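Asks: One line per chain: the protein sequences are A and B, in this order. Numbering-wise (the working numbering), the first sequence opens with residue 1 and increments by one. Numbering-wise (the working numbering), the second sequence opens with residue 1001 and increments by one.
Hints are computed from structural coordinates only; laboratory data are not their basis. Computed from a prediction, not measured in an experiment: that's the story for all the values here. Beta carbons: idealized from backbone N, C-alpha and C, even for Gly. Just so you know, not all the hints are guaranteed correct.
Just so you have them, the derived chain B footprint on chain A, three or more residues with Cβ under 8 Å [as the list claims (entries may be wrong)]:
(1) 36–44
(2) 138–151
(3) 203–217
(4) 269–281
(5) 310–321
Protein chains: 2
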Amino acid sequence: MPHIAVDAMSGDSGPSTVVLAIRDLLEDHPDVIFHLVGDTVSLQTELEKAHLHGSDQVVVHHASQVVAMDETPSQALRGKRDSSMHVAISLVREGHADAVVSAGNTGALMALGKVFLRTIPGIDRPAIAAFLPTTTGRFLALDLGANVDCRPEHLLQFAVMGSILAERVMGVTKPRVALLNIGSEEIKGNEQVKEAALLLRAARLNFIGNVEGSDIYKGVADVVVCDGFVGNVALKTSEGLATMISHELRASYTHGWYGRIAYLINRPILQRLRRRLDSRQYNGATLLGLNGIVIKSHGNADRFAFACAVKVAITEAKHRLTLRIAEVIQENLDPAVRNSA
Amino acid sequence: MPHIAVDAMSGDSGPSTVVLAIRDLLEDHPDVIFHLVGDTVSLQTELEKAHLHGSDQVVVHHASQVVAMDETPSQALRGKRDSSMHVAISLVREGHADAVVSAGNTGALMALGKVFLRTIPGIDRPAIAAFLPTTTGRFLALDLGANVDCRPEHLLQFAVMGSILAERVMGVTKPRVALLNIGSEEIKGNEQVKEAALLLRAARLNFIGNVEGSDIYKGVADVVVCDGFVGNVALKTSEGLATMISHELRASYTHGWYGRIAYLINRPILQRLRRRLDSRQYNGATLLGLNGIVIKSHGNADRFAFACAVKVAITEAKHRLTLRIAEVIQENLDPAVRNSA
């Protein structure tokens, strides 16, 4: 019976979105208890509006503060001891919940996670891991921005954790793990990636070598590993181009009456395309490596997107992801690190 | 009167494409002489087919070998002394041509360029610089893959060269130069980027600070500077996503009769979109920092795309880009490097 702590106050949307997202999940997840954290009055109001007041699947925990989106991690740590984010994380730390979901400030979430949950023994740096679409399904990418200037052993740790997550959440047997590089040949790449390749090859992973940026969306790998700086730039650049294409596509339709008619006729096609590529279904990045399941939702997630993030938390909790990673780290990482020294 | 050396044999398309591309340029560039390098027999055949035999704007230079697309730079250097690529570069070295254009193997072109042209004094590492689209025009991005593990001073050199190219080729006064980073705040980024920011701020540049990947296509900067590994990954990832969107868009249309009709009606819109985002118009990357103008075309460029690359060479030659960079380096770089030591 998984218990999910939900920070109901962080992010742009607020408690009403969170409550509706939870309501949408109750039927399919009758065995899950949702611990909503935030201002009790606001939450009870929203629960009543949603006819959830009295639901035995929902528990409310009070928190008097909220971490603002522009707050620095240190401000969040020192000044906001009773923030909804902190209280939600504490529920996991104290064992009252198996996972926590927040739409708040990523830096603060990671900082609070590191201080109050710490990392899984053997993991130096937790990474931000998220699923991205391929033409045939999805793949896991990490690190998407938590760590810059990673050492090769950090990339190895990302690979091991990512492989376990892919196995547990995607249900993939022997997930194919690749390093994001500028060419497929072994001689290509910077020092960090070349050395990481040696470590990954020696570890117990289904390591398929390097993958170029143009191939990750083709589904050639289930897990793509990179430095946080590279991952964040690659992700943001792709998003920027997708936005521009979308902008140009819309602009192409306004050319006179023909454009307008074509648009109307084309609308179901575009809608199908939007659904297929809908980023909302991929909402829910895992702060992978913390000693507890921590899921980050986009700040502007709507009810559907937030529910997707909570589903990630439920799945990882059901598969006891943190425990499994801790077990594998013991078996896998130590020999590899010793050998590479 | 600019002289442009054209490697007519490298790349996938061969001399017929190159000759037709040159023919398309003759009328608009009556003052340019094109030195076509390659197998004389093939070239004369193509020139006759194109009715250019006897044109006083075309000169043929014989080369008996071709650098293959999968050859390593060292193979190209040692084994192919009479390759069309080498002969074309030699024309620039000996002062018979102001620029060289090749659709061949990038690694070989860069290696031959470094050995036979060397770099502009003050430049350690030439970068691959190319124009990319924005919603309002275009911007210059570098380094797109020539150098990994750049030091901050290399990024400064890229910035200075890129700024001059943008000024000369794009005609932009005081081009806005930005560093590709994971956030706009100064505290963000890896060590390399943070230190580079200090150097760029101290130099005589219109440095506007950091730019995130999602903003580069919005036209916030005229020149975007990054490490070659990061630039290559970002570019390839964006291209991969664009390909996937395109694939999904096409796939959306095949759903039954409605899809087919919608596609037909939508075709002019899609064509306009394709033209707007047509990567062929951006063909022609500059190997910036070599002591001579060297332009790299995509290997699979068609006649239109190859002509675009040659136009880049013509513009840079007319603006005496190499000379201008050498002048500015003297004024600009040395004090900045000394101060940063």
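Asks: State for each hint whether it applies.
Replies: Okay, the hints, checked on the actual structure:
no.	hint	in the structure
1	36–44	violated (count 0)
2	138–151	holds (count 3)
3	203–217	holds (count 6)
4	269–281	holds (count 6)
5	310–321	violated (count 0)
Hint compliance for this structure: hints 1 and 5 are broken, all remaining hints hold.
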